[in-house]
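Got chain A; can you put chain B on it based on the hints?
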Amino acid sequence: MLNFVVRRLLAMLPVLLAVSLLTFLIASLLPGDLALVILGDQATPENVAALRRDMGLDQPLWWRYLSWLGHVLQGDLGRSFRTGQTVLQAVAERIPVSLQLMLMAEFIGLLIGVPVAIACAARAGGAFDRVMTGSAFAMLSMPSFLVAILLIYLFAVELHWLPATGYVPFTEAPLANLRFFVLPALTLALAEWPGIMRVLRSDMIATLQEDYIALAKAKGLKPARILFVHALKPSSLTLVTVTGINIGRLLGGTLIVESIFALPGIGRLLVGAIYTRDLVILQGVVLLVACGFVIVNFIVDMLYAVLDPRIRHGHA
Amino acid sequence: MSAALLTIEDVAVELPTPRGNLRAVDHVDLSLEAGRTLGIVGESGCGKTMLSRAVLQLLPKKARLTGRVMFDGQDLVRLDAERLRRLRGRDLAVVFQDPMTSLNPVLTIGTQLMETIQEHLELDVSAARKRSIELLAAVGIPAPEQRLAQYPHQCSGGMRQRIAIAIALSCEPKLLIADEPTTALDVTIQAQILDLLAREQRRRHMAMIIITHDLGVVAGRADEVAVMYAGRVVERAPTQALFKRMHMPYTEALLAAIPKLDAAPHTPLPAISGRPPDPTRPLKGCSFAPRCRYAASRCHEAKPDLKSAERPDHLYACFHPIQMAEGIGA
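So the protein sequences, as listed, match chains A and B. Under the working numbering, the residue at position 150 of the first sequence is numbered 150, and the numbers go up by one with no gaps. Count along the second sequence starting at 1, add 1000, and that's the number in the working numbering.
Chain A extracted, bound-state conformation:
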């Protein structure tokens, strides 16, 4: 098991290196001169050249990458030239909001998707299965900004159950905080559960054909035990993968949802950095988000081993 963890950790290194290179290139190859952006249209050519020298922009690309990477490895991702905040400060301030949003969204998505998938697979081809498979398709084809607006209209405007926009930290007012998060999390979850449901449903249907399920029935086990213990665990490997990938996709989803619901998270930070051409923040946030994605997938790999002993023992 330790061997497995170490192997996976080592495999992450080249991925992270590639991620850093790509992030750097994206920010560097964007058209426009960073010095010019900072100094504005009125700057003299001499001032621009001086700032370029100060910032090392006159150095060759590979040299700039290595020096940036050197700083990153020391924990210095740079500082916004607009707010003066360091990337780490800006991210640390906003990450709790985005994390809470993603976790709540994924949780609600699983809460809807998993039971529906199990119920569908238990009676595959039945009325419930057909209705839910159809609804899943409908939900998949609805863009999240539309879902967000519909939810706001229904729960905030018509029913007055929940606030449409706003945010208070959980530590100040836990209940109010959760109320602010319900609609944005639900918006993301409604796009999440169809994928979760379809993947788990088809895996469950395949598992239920297995010999060991027939044997579990022949052993006289209760139907619930057969479904939840004998069938769910071996069927959930793809589900774990999908959940991991979803979290990456949710990061993208938060861009839109945080903007609509006015949540001060990473998504809003990123959108703001794009509008103001704050390349340092942009570069730093993209790098951190990409690293987060790699780490989530590392955790997914670890979960495989927890779920399937054959992976743990290096048989598969």
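Hints are not guaranteed to be accurate.
[Stated by the list, open to error] Label pairs and their computed distance ranges (CB to CB):
hint, chain 1, residue 1, chain 2, residue 2, range
1, B, 1044, A, 299, 43 to 51 Å
2, A, 206, B, 1273, 34 to 42 Å
3, B, 1280, A, 3, 47 to 55 Å
4, B, 1017, A, 153, 34 to 42 Å
5, B, 1078, A, 153, 49 to 57 Å
6, B, 1045, A, 107, 47 to 55 Å
7, B, 1100, A, 224, 52 to 60 Å
8, A, 10, B, 1202, 54 to 62 Å
These are computed hints drawn from the structure, not numbers from a lab. For each residue, glycine too, the CB sits at the ideal point set by N, CA and C.
What follows is chain B alone, placed relative to chain A:
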């Protein structure tokens, strides 16, 4: 003669397929007394596994089953799901063909043993654990206590089949159905597993059905043998009577198809030519007639009934039985 533990009465199984209804089991009658062994023999696709699944009520959802399966005074076909569940695993147990797929890969051996015991017997965890260790020891697993925490993939095929047998035996069943229990195993392991089954059967006085395609497997172990072909029982007799004198040409062909140890090198095996008939297109006459070297025109016209001639317990379905005593025949 005691009352039968299991009686299969006029059981037929039909499976709907895109090419029409497939008659997997065609009106079979069989019975088995407590403590006795019945061997069901036939080539693949003859309906022997479907018949066992019919007894266990584990047929595919779309299958249509008619007839009665009387087990211990109850008709399993009409038993409600909850009572059937209580019966399975406790009085009625099964060992499947392939131990590589019949054990759950993500649950420990201990879990898979103990869940059966705790489902049916009023035992707490430590008592169930103790019983599991005893069972593993009884089926010849070394260091049984350590095995409980292991997963199926950590055991060899023979080991896994022993574990599957331990699971089947765990609640002292009255009837054990062994569906090709040795087909997926190495030849050297096969005899061990069969001997283990026979030994545990005697010790526990349970009835057993051994399903196999190999007449050699049932030869020394079954009290009675039923030979199946194309969904029907075509010959049925006490084992010794059958091997002394078989009347159905199919049985003879099946026996001839077993490789002989004393055959000269490069002797071709007398395989049964042709294939079993398409089960979605039943034949008018005897199902074996197209492959039978004794077949006459009558065999293609009408289906022979399963009946006895020389001795009442030896039944066969053939118009031209072989190896008959002088003067008797159809």
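Which of the numbered hints above does this structure break? Going through the list in order, the structure violates hints 4 and 7 and respects the others.
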